[in-house]
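A.B. asks: What follows is each chain in one-letter form.
Number of protein chains: 2
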Amino acid sequence: MSRVRVHNFAVSLDGFATGEGQSLDEPFGHAGERLHEWFFETRTFQAMQGKTGGSTGVEDAIVRTWDTGIGAEIMGRNKFGPQRGPWENHDWNGWWGPNPPFHTPVFVLTHHPRPSVEMEGGTTFHFVDATPEEALRQAREAAGGLDVRIGGGPSTVRQFLAADLVDHMHVAVVPIVLGRGERLWDGLEELEKRFRVESVSTPSGVTHVTFTRP
Amino acid sequence: MSRVRVHNFAVSLDGFATGEGQSLDEPFGHAGERLHEWFFETRTFQAMQGKTGGSTGVEDAIVRTWDTGIGAEIMGRNKFGPQRGPWENHDWNGWWGPNPPFHTPVFVLTHHPRPSVEMEGGTTFHFVDATPEEALRQAREAAGGLDVRIGGGPSTVRQFLAADLVDHMHVAVVPIVLGRGERLWDGLEELEKRFRVESVSTPSGVTHVTFTRP
Numbered sequence: 006m007s008r009v010r011v012h013n014f015a016v017s018l019d020g021f022a023t024g025e026g027q028s029l030d031e032p033f034g035h036a037g038e039r040l041h042e043w044f045f046e047t048r049t050f051q052a053m054q055g056k057t058g059g060s061t062g063v064e065d066a067i068v069r070t071w072d073t074g075i076g077a078e079i080m081g082r083n084k085f086g087p088q089r090g091p092w093e094n095h096d097w098n099g100w101w102g103p104n105p106p107f108h109t110p111v112f113v114l115t116h117h118p119r120p121s122v123e124m125e126g127g128t129t130f131h132f133v134d135a136t137p138e139e140a141l142r143q144a145r146e147a148a149g150g151l152d153v154r155i156g157g158g159p160s161t162v163r164q165f166l167a168a169d170l171v172d173h174m175h176v177a178v179v180p181i182v183l184g185r186g187e188r189l190w191d192g193l194e195e196l197e198k199r200f201r202v203e204s205v206s207t208p209s210g211v212t213h214v215t216f217t218r219p
Numbered sequence: 006m007s008r009v010r011v012h013n014f015a016v017s018l019d020g021f022a023t024g025e026g027q028s029l030d031e032p033f034g035h036a037g038e039r040l041h042e043w044f045f046e047t048r049t050f051q052a053m054q055g056k057t058g059g060s061t062g063v064e065d066a067i068v069r070t071w072d073t074g075i076g077a078e079i080m081g082r083n084k085f086g087p088q089r090g091p092w093e094n095h096d097w098n099g100w101w102g103p104n105p106p107f108h109t110p111v112f113v114l115t116h117h118p119r120p121s122v123e124m125e126g127g128t129t130f131h132f133v134d135a136t137p138e139e140a141l142r143q144a145r146e147a148a149g150g151l152d153v154r155i156g157g158g159p160s161t162v163r164q165f166l167a168a169d170l171v172d173h174m175h176v177a178v179v180p181i182v183l184g185r186g187e188r189l190w191d192g193l194e195e196l197e198k199r200f201r202v203e204s205v206s207t208p209s210g211v212t213h214v215t216f217t218r219p
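For the record, the sequence lines run as chains A and B.
Just so we're on the same page, our numbering is the position in the first sequence counted from 1, plus 5.
Just so we're on the same page, our numbering is the position in the second sequence counted from 1, plus 5.
By construction, these hints were calculated from the structure, which means they are not laboratory data.
Just so it is clear, the structure is predicted and the values come from calculations on it, not from any experiment.
One or more hints might be untrue.
A pair counts as met if it fits within one copy or between any two copies, since identical chains are not told apart.
Stated by the list, open to error - Straight-line Cα separation of at most 20 Å, SDA-like style, residue types lysine to any residue; simulated pairs:
# : residue 1 : residue 2
1 : Lys-56    : His-108
2 : Lys-198   : Glu-25
3 : Lys-198   : Trp-97
4 : Lys-56    : Trp-101
Chain A extracted, bound-state conformation:
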């Protein structure tokens, strides 16, 4: 059975996975890039940008697992773009540029479906108004036996965790206090009891917490 995985999902010490005030210029709102600076340093991230260089230590090793064996992604609408409500037009195809880093089918959860968009490099965005279970069914079918990644944002990850659909999760706890935004952990009391949990700190100051279904 293909697994459902979450990777490189950053939260602050106070549990926020994104700041307040998402906009076209600030996908993470007032958090800016503070949750992801550690990630930008890695060779894996640099390669996603078509660049060379970057760190190749333990942090990069952890980050690098994000796309191994992944056949489809599910993301919330806010990871696609900052629009709310009905789409005003279909001209803008998300934050991810003409050649998004996913290279698989991507299912964008939205109450406002629109036609699928095929991008360069193998990414196709499908817009679906569906429960987590139904979205996962579609993503699994598209993944051809490979794993499905839940890409975020926080409310999407939280929904899949609440429905006990996640088999592996990597959370990067960044030692900052964001104060406001959207929390990952709400409503997930005793989540740890469903997983084998490991914590490893890296010199960036980030702690990588992995949750693996036993």
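Following the hints, position chain B against chain A.
C.D. replies: What follows is chain B alone, placed relative to chain A:
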């Protein structure tokens, strides 16, 4: 100048430093002992209980610093006992037994002062209705040039952090999701900017985050 220190202060991944429903039998409410199991394993904790044995690894080394050079503690009333409002009597002298592990003057913050209580082993509880600044002034005077520990609970630590009175803090992030209780981090946005922050995970799964005033 003597420093103000916080030690062995455990929080969950979702930032709760205590659970919901404190009572005489459950000082940490529904959290039970889940925030402190890692701590109980250490030789330092065992010694506090008058026992021998316990771990002597990195975790114990971190824990052990809690009383070095400490001349007084300040704690919130809820770390003394579960009573709320006016004291019904003065017969019960807190959760800490006849010989509390502090062995210094301890200033208990409360809106309901009562006479000081001298315990065995050098601990004297003083009950003060004071601002953080005034309580610290009294504790510093009692500490005779040594450091002052802010012992908790979360609202007390938070008040001292908000007033920028803390010089060193050790927080143990325990990889559990408590879901409810009292949060440490509320109202402390960008706390990290005032400190040098380090994170170290130990095999217990706990991540020790230290905040040191530069």
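A.B. asks: Could you run down the list of hints and mark each one as holding or not?
C.D. replies: Here is how each hint holds up against the structure:
1. Lys-56 with His-108: within (17 Å within a copy, 59 Å between copies)
2. Lys-198 with Glu-25: Between copies only: 19 Å across, 30 Å inside.
3. Lys-198 with Trp-97: neither (42 Å within a copy, 37 Å between copies)
4. Lys-56 with Trp-101: within (16 Å within a copy, 59 Å between copies)
Figure legend: structure checked against the earlier numbered hints; the only hint not met is number 3.
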